[in-house]
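Peer 1: What follows is each chain in one-letter form.
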Amino acid sequence: MSFSKKKDRHSPTVVGNEKPKMIKKSRLDQATASGLRPSVRPASEFSQKRVVLLPVEPHRLHAYWEFPFRRDPVADPMAPHRRQTRDEARQTKMILRFHALDAAQNPTNHFDLEIEAATGSCYVEVPTPGGSYYAELGFRAALGRFFPAVRSAVVATPAPAPAPPEPQAAASLVPQSDPTTRDSHPPLATPEPPAPPPVTEALTPAAPPADRSTPGAAVPEENHPAASPALLAVSASPNVMAIGKASKSWRADQAPVPGSTAPGQPIAKELAPWHLARLDLTEFCEQRFAPGNSSPTVPSPAPELIDG
Amino acid sequence: MAKGYLALLLHAHLPYVRHPEYQDALEERWFYDAITQCYLPLLFTMEEMAAAGIPFRFTMSLTPPLAAMLEDPLLLARFAQRLQDLIELGGREIERTAHRPAEQKLARLYHAHLQRCREAFVNRYQADLRQAFFAWQAKGCIEIIASAATHGYLPLLAINPAAVQAQIKIGIDSYRRAAGVAPSGFWLPECGYYPGVDEVLKAQGIRYTCCETHGITRATPRPPHGVYTPVTCPSGLAVFGRDQESSRQVWSSVEGYPGDQAYREYYRDIGHELDLEYLRPYIHRDGIRVDTGFKYYRITGRSGRKELYDPEKAEARAEQHAADFLRKKENQTNVLRTLMARKPIIVAPYDAELFGHWWHEGPRWLKYLFTELAQRPDTVRATTLGAYLDEYPDNPPATPCASSWGKNGFNETWLNPKNDWIYPLLHRAAADLGELIRQFPRPQPLFDRALQQAARELLLAQASDWAFMIHAGTTAAYAEQRLQKHLARFAQLTAMIGERTIDPARLTEFEAHDPIFPDLDYRAFGG
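Protein chains in written order, with the working numbering: chain X, 1 to 308; chain D, 1 to 527.
Certain hints may be false.
[As the list claims (entries may be wrong)] Not close to chain D: a few residues of chain X, all C-beta gaps over 10 Å, as computed:
hint	residue
1	N106
2	P107
3	A118
4	P158
5	R288
[As the list claims (entries may be wrong)] As a list, the in silico DMTMM-like pairs of lysine to aspartate or glutamate whose alpha-carbon atoms are at most 20 Å apart:
hint	chain 1	residue 1	chain 2	residue 2
6	X	K49	D	E435
7	D	K169	D	E199
8	D	K105	D	E312
9	D	K105	D	E88
10	D	K418	X	E125
11	D	K3	D	D324
12	D	K306	D	D260
13	D	K485	D	E509
14	D	K407	X	E125
Don't read these hints as lab results, they were simulated from the structure. Yeah, the Cβ is synthetic: ideal placement off N, Cα and C, and Gly gets one too.
With the rest of the complex left out, here is chain D (with noise of 0.2 Å):
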């Protein structure tokens, strides 16, 4: 009989990129090595691990963004094709290897993990990877919830209400869409919480969220037990607290795991290191270097000097890790047993895209973990947060504080001085929307159509990616151009609207640029 549960939640997400006016779009790039970095490789670790009778439970979300652009049929079809160009790169660098017989094992290994992605992805999968994910938790191995439709940043837009109504309904929609279910669980975008937003999601029918450690240590009344069990909010939506040791074991740049020496360096790509005639057919057709996925260098140390990466020593360090992980979370485990009257619940949210894209190993590490679990069962055991709530359905009564996972744990990353033009200018565009709404509730098919495409607009707007990556820094001009075309749209349609003289052709041609949520149900917006 365990003491105490681990619950992992892998958070899937990226931003809604799709560019049909472009033959080779830079951004598009971040979804198709995903696939084969990441989300492939979470699907196969999960195949092994059931193959290998090792029991494994863990919650994940799949933003809508993500989930659209996994069934676009432009954005798979090209998908491939990236994928033919790496698995024919691989195949010259098993040839330009041939007398370093160390890189060329790596080349051959990287080669056969994009046939092996090539093959599931069309044949056992049938281009299909959301139903994929789906089919796991049809099983009972993990459990899928949830997210804003866009990954709006909530605490932001709740000057409006309307808007985070629509965000978080939509989301919803798009769930129930591809899950055929209703979802009971839902993903805070940035794990932005914020008084008020619980009511929001229990009204949609949602049971449980997460949040970060702060808005549960300083939720209203004061939490006995911390993060180890949720708190119900008085609209009785339960919500669960990050635990800061896991997330520090993993995710920190200077602790965490994924900064060992022994693993693959994320920042040496053959893409950006030989000779441009030889990659030019793989990568931008402009000449533009970009990853290729093939890195023959591990950590090794903080200095440039790069050794030669050995995929069996990292393999063994991602199983020593695991062990290591599942020991301190037995020793907390433990200790926390004796201090509470029921199983504490240790609660541990990652990006997935850490799993596989930027820690190359986390699959691996996942499946030591989960393999560690099963041989240790006496002290802590894999759950979910909704068979949780399952066992403990009452729990200590609070209202969780306004918090982020963001800097310093509150709004900052998404509002600042670089960012913070964004809001008005979302928060004007949700307030027309709600009056145009209001003003024609029964709507011509073509006032609804643009009603409709309106509303999509200000979503992709609404995205917390493009306030985080004009933050960061790196991606900035794309962020802004991206906000300029949604809201530009918006504003052309918002007007035909207005002056009553849609213009068809304009409508349809952003209607096929953008073809995320095709039942959206623009009425969220109208309050």
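Chain X with its partners taken away, still in its complex shape (with noise of 0.2 Å):
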């Protein structure tokens, strides 16, 4: 847990086993100074006090608050709180808390990070990547005791990598009643056949990209990943085939066809069409997935507007 920057001051207190990181103090506070945003904010802003998460990737959140500090002890928010405490204004902390959720929802566990209610925002690595956060601003008193202000929305950060494969989607490969695979390899794969290699690792390392001293050249067949040798050896691996003809039949009525499940067996029923994919695509495709492809939606950089 640190922050960037002033990391002596701004540690922030850990409740359990996660470690926080705010990664960068958000420039918030120099726009604020640059005189241009203040004017455009909407006249009802710091009328309320909030405080708002929004995701940034699977492992950071980001957080920005608005809190109103007015020293009128009747409009002070906080006036009840310093009462209780009988803390000095000066030795009560603004923390914000942040309280992870489990499936169902319900908080886990929290961590707090100590702010500075100038500062308006910050970034905060996440201990939980893909998980449900929701964050309360509030003033930790000097003997510990928090007391929170405002609740924020809970936010989910994406998940850092796909899903494990359904136990029911993985015993459904290929129905093991099929007659039509039922020769060609063993039956439904607990434990799994051994012959294919796992796609990902016959398909993820990329092709190498076309020469471009010689433009226009394909890229060679055998270069391309989905003809290299493991993935081709799977293709024609007779457990592949025979599945794809079960496949296929099946997908034709969305049933399976006459005589290709012997009668009373229930499998078939059960299974939709997608299941019958022999091969893990999703790995595949998450193993291709190259982020970093985003579009220059400007058609080319413009000086600034002037006036003609």
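Take the two lone chains and join them into the complex the hints point to.
Peer 2: Listed below in structure tokens is the structure:
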């Protein structure tokens, strides 16, 4: 856990086993200093307190907060808390408390960041990528007691990886009773037949790019990932071909063709046609995913707008 | 009988840029250049294919800001003048290069292209390019899908569900007004998906959308076929995933076709190279150099030395690259077909402006790709996303993962220390507008107009383009200026409404400046 700057002053308190990290302070303070942004702020801004979480990526959240600070004791929302704790205002720390939620959306644990109200925002590394969180903005008294003032909505950071394969889907790759496949490979896969190598291993090595010194030359087919020897071996294996046949017949009418499943065998009815993939194409696609293909939505850089 | 499908998706979008207060606004040139370099060449390509009997099918988005600009009389009149100026420049270029035949040949080509653009724009399309695209949809050749009202990046607006609902509803209304029919598909700006947006889309009658690769691969439960079939959300919306191979082959600056040495160099333009006095009538009226579209060099290599552009060689290269692309799609399809119980679909979305503007030969590549597809129909067949769903309406159930096609695949292009100050302002403004709408359920006409204009200003501030430009740093000042302008006007309008003192002259001024969405239903912001 650390702030990228001023580590000594801003080390957040950690509760539980998780290690939060504030990544970078927002530029909101700089923006405000520029004098540009306050002029465009809606009239209601800071008329009420709030804290908002926004997911950035699987490991990171952005939080911003707005909090009315007035010394008028009547209007000061923290006045009751201050009285209650008998703390002086300067001894009270402003805290952003992040609560992690489990799959049932129940809080599991939390971590605290000590913040400064004027900073307005921060980036936080979360301990569990793909998890759900909410935050409370409040104050921690000198004795450690936390007084929440406002709570954010629950947000989830995106999943960092594909979900595990569904047991049902894995078990239904090939219908056990399908006579078209029964003879060509062992019945369904418990354990998985060792023959086909994982598709990710077969396909992951990217094809070398086309030789730019000979523009226009096609990537040789033998270099294409789909034509890698391992994959071709998989494609040509009796297992895959047999499965392909079974799949086609199932696709035709969304149900087993007559004779493809022995009477009384319920498995066919439970299988949707998309369960018949032999290899894990999702893992393949995930491995091929290369972020950073953001498209330039603006045609060309242009100088500043100038009055003609 | 083909074994699988290829679905090209061209996303046509420009931010809404209209400056009646200036006689010559640099940023409006994005629109003018896109017409001559991309939208008209795409239409020409479709005409050529139809005339040659080459069947073609692809999906296209035409965002509401672009559609609004394509029917804006002020912008169209300015474009016509700009086109006239460029044709004049073309004539002068033919004279200037008289002693350099190779260059003069290029000057003649540009001159002829610009004249063709003028003829088509004025006579054939009657200055209505939006309808020119929709005409191809009516013929069944392309499928045009809707998009968000001002290309708002929905995952970061979702803190106000009404803001997302307004972006989607007003975008669909805009489509319906232009096309006369409801859209089936919807392009999520920046491919920005988050769980929950599917319900809003489905409630608005949308059947399908598209997301980035990992939106599908990290869906829950895990889809069995990766991006090669769509998934069906719990709401019933179908979501297609982008194929990375196709993206890389066309888009990558390293491996992609557009970087080929034979293709035209984008960054060498006479507007930045010739004598200023010679160029003065054709650049910004204050003497600021701008791109003219007259580019005489090819990419050549990484060094600064550039050789003259050879259009015949570039054309041949485009044909080779189209064949290469199709060969790779065939390889992909052949393998996928053995692994899947149905015909796979390879979804290849690109910015439409890549074709012709950034990649000069892009429209020719498209033509050759469809030519090859017609000649080799046994493996891959072109389709649209809607047509694929017609054939395969039943798809694996899954909820896609939050994702975008920005850097690293999530939100950080539009949410980082350079541009994060935008969101408190946008969120607060959306909440304020919703509150005002609830306070004025049956406003008098003047208040109704003020609420409508406030919604218009907020929508324009929500465009993802501003956050992108601030992040990229290229036109950050302009983007900040636009945000400031729209949010300041929004604040003025909401203050006037709240104080019940509308200034009609001020309101009329705001309305005249940005007349996008004349029938805007601002109540969508009311939740």
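Peer 1: Compare the structure with each hint and give your call.
Peer 2: Evaluated hints:
1. N106: 19 Å, holds
2. P107: Holds, because the least Cβ-Cβ distance between X/P107 and chain D comes to about 20 Å, which exceeds 10 Å.
3. A118: Per Cβ check, X/A118 is outside 10 Å of chain D; nearest 14 Å; holds.
4. P158: With a cut-off of 10 Å, X/P158 comes too close to chain D, as the shortest Cβ separation is near 4 Å.
5. R288: 4 Å, violated
6. X/K49 to D/E435: 16 Å, holds
7. D/K169 to D/E199: 12 Å, holds
8. D/K105 to D/E312: 11 Å, holds
9. D/K105 to D/E88: Answer holds: D/K105 to D/E88 is near 16 Å, not above 20 Å.
10. D/K418 to X/E125: With Cα atoms ~18 Å apart, D/K418 and X/E125 stay inside 20 Å; holds.
11. D/K3 to D/D324: Within the cut-off at roughly 18 Å; holds.
12. D/K306 to D/D260: 13 Å, holds
13. D/K485 to D/E509: 13 Å, holds
14. D/K407 to X/E125: Judged against 20 Å, a Cα distance of about 18 Å means the pair holds.
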